[in-house]
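This is what each chain is made of:
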Amino acid sequence: MLNNKNIVIGIAGSGGEGIISAGEILVNAASSEGLFVFMLKSVGAQIRGGESSIRVRVSDLPVQSQGDRIDVLVVLSWKNFLRFKSELQLEEKVIIVSDTDDPMPDEEIPLTESQREFWYKIPFAKLAEEHAGTHQAKNIVMLGAISEIFSLPREALSKSIKKKFKYKTPEIIESNIKAMVAGVEYVKTQVVKNDPLTFEYQHREPRLVMQGNEAVALGAIYAGLDYYAGYPITPSTEIMEWISRYLPQRDGIAMQMEDELASINAILGASFAGKKAMTATSGPGISLMSEGIGLASMAELPVVIINVQRGGPSTGLPTKTEQADLMQAIWGGHGDSPRVVIAPCDVEDCFDSTVLAFYIAEKYQCPVIVLSDQFIGHRKESINPESMRGSKVGFRKIYHRDTPSAEDLKDYHRFKITETGVSPMSYLGIKGGEYLGSGIEHDEKGSPRGDAANHAKMTEKRWKKFEYIKEEFRFERFYGPKDAKLGIIAWGSTKGAVKEAVLKANAMGMSVGAIIPQIIYPFLIEPFKEFIKNKDRVIIAEMSYAGQFRRYLRGFLRFSQYGVKVVPFAKAGGAPFMVEEILNKIIKEWKEMEARR
Amino acid sequence: MLNNKNIVIGIAGSGGEGIISAGEILVNAASSEGLFVFMLKSVGAQIRGGESSIRVRVSDLPVQSQGDRIDVLVVLSWKNFLRFKSELQLEEKVIIVSDTDDPMPDEEIPLTESQREFWYKIPFAKLAEEHAGTHQAKNIVMLGAISEIFSLPREALSKSIKKKFKYKTPEIIESNIKAMVAGVEYVKTQVVKNDPLTFEYQHREPRLVMQGNEAVALGAIYAGLDYYAGYPITPSTEIMEWISRYLPQRDGIAMQMEDELASINAILGASFAGKKAMTATSGPGISLMSEGIGLASMAELPVVIINVQRGGPSTGLPTKTEQADLMQAIWGGHGDSPRVVIAPCDVEDCFDSTVLAFYIAEKYQCPVIVLSDQFIGHRKESINPESMRGSKVGFRKIYHRDTPSAEDLKDYHRFKITETGVSPMSYLGIKGGEYLGSGIEHDEKGSPRGDAANHAKMTEKRWKKFEYIKEEFRFERFYGPKDAKLGIIAWGSTKGAVKEAVLKANAMGMSVGAIIPQIIYPFLIEPFKEFIKNKDRVIIAEMSYAGQFRRYLRGFLRFSQYGVKVVPFAKAGGAPFMVEEILNKIIKEWKEMEARR
Amino acid sequence: MSEALKSTDYKSNLKPIWCPGCGNFGVLSAIYKAFEELQLQPENTAVCSGIGCSSRLPGYINAYTFNGIHGRVLPFATGVKMSHPEATVIAVGGDGDGFSIGAGHIGHAARKNIDITYIVMDNNIYGLTKGQASPTTPLGVRTKTTYYGNMGMTFNPVRMLIAYKASFVARTFAGDPKHVQKMIVEAIQHPGFSFVEILSPCVTFRGKDQFKIIRDKVTYLDGVHDIEDELKAFDIANNEEHFALGVIYKKRRPTYYEIVMDKVTAKAKAASNGIAQIDKLLEQFQP
Amino acid sequence: MSEALKSTDYKSNLKPIWCPGCGNFGVLSAIYKAFEELQLQPENTAVCSGIGCSSRLPGYINAYTFNGIHGRVLPFATGVKMSHPEATVIAVGGDGDGFSIGAGHIGHAARKNIDITYIVMDNNIYGLTKGQASPTTPLGVRTKTTYYGNMGMTFNPVRMLIAYKASFVARTFAGDPKHVQKMIVEAIQHPGFSFVEILSPCVTFRGKDQFKIIRDKVTYLDGVHDIEDELKAFDIANNEEHFALGVIYKKRRPTYYEIVMDKVTAKAKAASNGIAQIDKLLEQFQP
Ligand SMILES: Cc1ncc(C[n+]2csc(CCOP(=O)(O)OP(=O)(O)O)c2C)c(N)n1
Ligand SMILES: Cc1ncc(C[n+]2csc(CCOP(=O)(O)OP(=O)(O)O)c2C)c(N)n1
Ligand code: SF4
Ligand code: SF4
Ligand SMILES: [Mg+2]
Ligand SMILES: [Mg+2]
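Same order as they appear, the protein sequences are chains A, B, C and D. With this note's numbering, letter number 100 in the first sequence gets 100, and the count goes up by one each step, no holes. With this note's numbering, letter number 18 in the second sequence gets 18, and the count goes up by one each step, no holes. With this note's numbering, letter number 234 in the third sequence gets 234, and the count goes up by one each step, no holes. With this note's numbering, letter number 201 in the fourth sequence gets 201, and the count goes up by one each step, no holes.
Excised from the complex, chain A in its bound form:
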């Protein structure tokens, strides 16, 4: 069933064919018309020349996920398409657009009759050569062609092309425009449209286009980041790249360190010196930071650590997504080391979660880990600009650690036991607030102390903050009816598919509710209790083979006390959930429930 307000286009080819540029031009064009977009890219292990593919969803309505089925498959080279077979599935009623001069290797891609039904062949390379003077512009020819076939926003497209090449010579810009026009003209004159898909949409205010990693970087800057130290690692590196370019515009300092051990300790130093500090990394880097994060817990230093999760364990799948660093984020340190874990669920939420992370870190003087993942970090989404403008965020307050009063400074106790566990924090430059910070157990003054009684007292102090965090934050995301008997619990990037599946399921007549926490740890039990109390069963969907999220939830939530059946839905990462996968699970459980009535 084709839905003309929502189109998913897959494009595959080799790295050198400008697949990703084409995708970017397309999403920019769509966003400037106010459409909703969602773009994933996927590249091979090869740095240059390898295979490359993108998946663009353009919609007149808000989109939650990458979309299940590919409506239009554009192939710039069949050879490279082959490597993405598992990611760009060929659906039955797919519409194929390929280069006339690139024959498909029949034996390897046995297309069915219905898959062959709508198949446009256009001489991309030849047209590019003829009209732009170089076959390199074949990606632009392609854009022109598909915009004509499916009625994609054409004007916006040529604006986007101009913008894309704005630092190039006028000749280059012009030849690319020519390439686009050549594509359009070719379709107009040589192609007979026989497929039913004609995209329909309303023009609205332009939206921003942003990657999850960029949203994190922006969030950090919005929250008042002063100091960044990091070490490159896929798929987090864009955060550092963006920050090292733009943080200096705000008088901040960004440093590339020699490794992650150095990065975490450098930001601890900055925090000790009174600054808002952050680092970003991925799995292997987080493992290396374990010791330093524990130091932040013990020395009660506010820091924000971004983990853009990738497939693991070890080096694992550096360019693929997974949700298997959850337990490590919560429990990865030696000793009882309190830290807060927050998980963004989409690009916009990367911004919000990062702002929130700084708020909690500074207010509660503890490390906060933000668990993003490759699926969010590397995708582009359209964003409502209002959600990020300085004056508009509002929802998230900006906080800077409480400093000692003159009274406090008379006999300063850095780790004074207070009702909330939070003690006023002095730092370099504050006269009278000098103290010894340390990773060794200490008393309220900061002096090292090894007895059990003091340790018990100070441990309690450090954990007490959690009670106040649990008090301060309650809201979690709920979808679907509250009184549904079937529930889904998921976290992070799995939200997209879950939300879409839940909306669909309800539209199909099932009653299903979902909850997606943003603050993962400490565990805000109330909303969960509320959520599960009237459920018959809940599906726990996650991209962790070991079912980390399920184990975690069960550690805190007595499902069986409420008579709720837990339905594990755990899979290894590599590819994000499809809406259909979740929907099928819902249907299965729903049927079982109905049968048991």
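The hints are simulated quantities; they were obtained by calculation from the structure and are not laboratory data. It cannot be assumed that every hint is accurate.
To be verified - Think about it this way: if two alpha-carbon atoms lie no more than 20 Å apart in a straight line, the pair counts; the simulated EDC-like pairs of lysine to aspartate or glutamate are: (1) A:K163 with C:E283; (2) B:K397 with D:D279; (3) A:K529 with A:E467.
Just so it is clear, the structure is predicted and the values come from calculations on it, not from any experiment.
On the provided structure of chain A, position chains B, C and D with the ligands as indicated by the hints.
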């Protein structure tokens, strides 16, 4: 109530006063008479000259713990005693032995009348000076004196003194014997015994005296350790020190590396090269090893990692005990990285657990973490020598990884998917078995592969081993009646106090059962189900403020399904549980249970 | 102007718990005096460390002090300095902390010329963990982990620091606190990364005679060699029979912070016409 | 005796996925030839690496190969070598893997004189992560993380290795595979820690002209300097205008394994009269 078959002696003084030597002579003497001993030592943060104390329990019957009350308190210097007030509690009916010439600072130690009732003052230093020619021998005078007062094995004592000083000159040995005799004689002639404590025991075959860390080292050597790489860290260092001295006697190699990152990677290298390899560390070192342990999971390399836990987080309490590295051991890596976690519960079990760790590592080709702690690692216990002799262990088989057959080598697939998930492992030197090992996701041959389908398959392979481990091992330690309605679950070093408390509680007429797992992860659910199924409530006792063990158990065990109430009993570490603490908790819960009948 | 600070003003309330006779006492008193000489303000002074006997030193100083984790003092101090460039930032530690577990950081702090002073109390042993070999323990010496004698060649820290392009490299001896003081003062005054190796005996695990042994081996630099000549400095460092004490190498080059201000912040702010506001940063995401 | 192995026998089934023109191709082919020249037996050869484009190299070799984690190749290789002393053990990697995250390990492998060959394909950039600064990226160069130009001085690896007391230090250039082969052969033949820096251009992130730029800067050592003279070697290394290619320093000293066998295992076994049995080890715990 004094029990004359069981005596707990506390000795406190300054580091230079030979407190620890005195304790060692005493436990050796007792063990050579076949008595059961348990000795804890505690030193201040100062390297030399600081305070130092020991607690020795000597018994005619097997002992499980350090003993709750101190029967005899020997004070070599009151000033230093003060620093141990919290560790060497003064019970009401304590018997005090102190130096006539070391006055007690009354204001600071307000002794009650009954504490003053039995108080022997003996001029230790003066007698030492007179009889041995140096006040340094006052610890030996003290030993003579208390052996006379309480009828401790005297003959054995002088043998132990001789042994202790066997590398010294005959003059030194002689003067120490004189010191002992002086103590004995002084008591005989000048002291009127008025306390009711006279130790009674039967002479038996001598027992060995060993520290937990030494038992680990021995276990490793018994299991066939070839290569050790490590970095010193309290309280694990003795393992490395012992191994670097004795492993070379067995043609093995022990290396001190530059840090823990190097240590873990070096043992991975050794394992890759076909050797049995191990490292030992404590909290901060384990945090640094997280990444390397994940590599072991991914590359399926057998290695054994010993973590002698200390108080945390961060540098924490380096010389104190805690059980708060549990979750990190299980979940500390990024990604789903299978590892086995084993916890010894006493000194003898350190040996057994290490042998078992090598067995599992080699058989299942995965990292195995042994979670000991400072409380076990640093204490001395008497051991039945038969439990460790080469020919007698028997219970634990020695295993060496399965190597590929000639058939396998024809087209060698290092990571071949098999029923058990274990694939024959080739290594350096085996012709035809050459392969690429890696931390990146790979296929059965070892070639890097990034697609989700392969990742799902290989992840399943790596985790499948767990099912077979769960099959192979079932036994866990049970104490008390199986049908008890009240249960306790604990792990590791908490066993001692729990076992003793359970035995006492049952003797007092309560019906309480306990279970102490040795293999912690994977979770062997059957014995636990069996254990909880008829319980009304279970106490979960652990030295982790955050209740890590409870969270872990709840993640796997549906207590509420069985209607079992979980009673948390979690405290921060620093000092191990006292039997009485556990017993009081048992009594409290028992009473509540009775009341609700 | 406030009153002059005395060396005792830099004492914290903690009492050192080093073994009697430990070389670190001499270092600590020299630091107090150096601080007095420089009239450092405690609120603008940070002294950081890792873990070790020597790493306990910050706790004894009245300033912003930090006793972090083993081997990571240099990155920590880097973060402090970059966040508070006008402060005096000092990193201290032992040979194990610095040259073993921390070995990966020194070169980077040096090549980046982070303006901190790094003081290593080198006692050729692991003191705190009670006597294991360190990277500077001489070959053949029996320690708790080298029962049959130490098996690795020793590091030559001064030589390494020169190779790393450190802009200030000095060596001194805890047995001569006046000289220690002098070196520390010069090191702190030097803009850029300054390294001071202090031979600071561990009397407990290396023996009480260490002071004498070292005293017999040291020679004082006469101050006439070309202090900017790396090759000469390397040559001086090569002599492991006699330890040359004094400033061995020194050259002024731009510090990391100077480069950042000049080459990064200035350019960045020019590019954005002053401090970029969020709304301005959002522009780049317009389609 | 079995038949002589050809360079193609060392090729694995994996096809290199480096960018066309990458310097590492030259290195790989030189390694195949060096292996042929030395007639290494694949089953007794280990080639290990960390992470990076260059660290992919082991996968392309038919031997026991390992592609571990970022920066830890030297400890891994150390464990391999000590477990299998008769094998040829080679560690390979990039400038980031070796000099940035792995910087803490080189000095220790060098001073212990572990008998492995460490080959660094130095391209002055992080290739695999797509173009960030490495410790050898020249000052001022714009990379993805140094938008306004690189801010840190560069490491001089050869100089560092000399300072670390490495017993064999050479430099070569991927643009001259014959020379690469020669250096690798000599390095493998050298008993002890041998280090070979290979200038190996990243054409994608440092530009295609790197080959030419480097070619213009290299000079070949004539083989007449005293190869055992550290000071001379340091002087040669100091020249960063012209890269001297060839063996810069080399001196035979006992390897770690030799010391262990001589000084440790021999003594230990003498102490226990041969291989100690468990029952014998238990004796020390008798009270
Ligand atoms: C990650 C980690 N590994 C090991 C240790 C244990 N440890 C503490 S201090 C130290 C070495 C101290 O030697 P050095 O730095 O020379 O200081 P010194 O005590 O000799 O002054 C070690 C190994 C630790 N605290 N953390
Ligand atoms: C712990 C960790 N941090 C970061 C990374 C990401 N990473 C992979 S390779 C690399 C740098 C590669 O540079 P280099 O070693 O010079 O190799 P090249 O690709 O240039 O050959 C980095 C930062 C990682 N894999 N692991
Ligand atoms: S152990 Fe050595 S370094 Fe540590 S305080 Fe004592 S003498 Fe000083
Ligand atoms: S990115 Fe550079 S180093 Fe990596 S393969 Fe390409 S050219 Fe070679
Ligand atoms: Mg030291
Ligand atoms: Mg590189």
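Comparing the hints with the structure gives:
1. As the CA atoms of K163 (chain A) and E283 (chain C) are separated by approximately 13 Å, the hinted pair is consistent with the 20 Å bound.
2. About 17 Å separates the Cα atoms of K397 (chain B) and D279 (chain D), which keeps this hinted pair within 20 Å; it holds.
3. Of the supplied pair hints, the one linking K529 (chain A) and E467 (chain A) holds, its CA atoms being roughly 17 Å apart against a limit of 20 Å.
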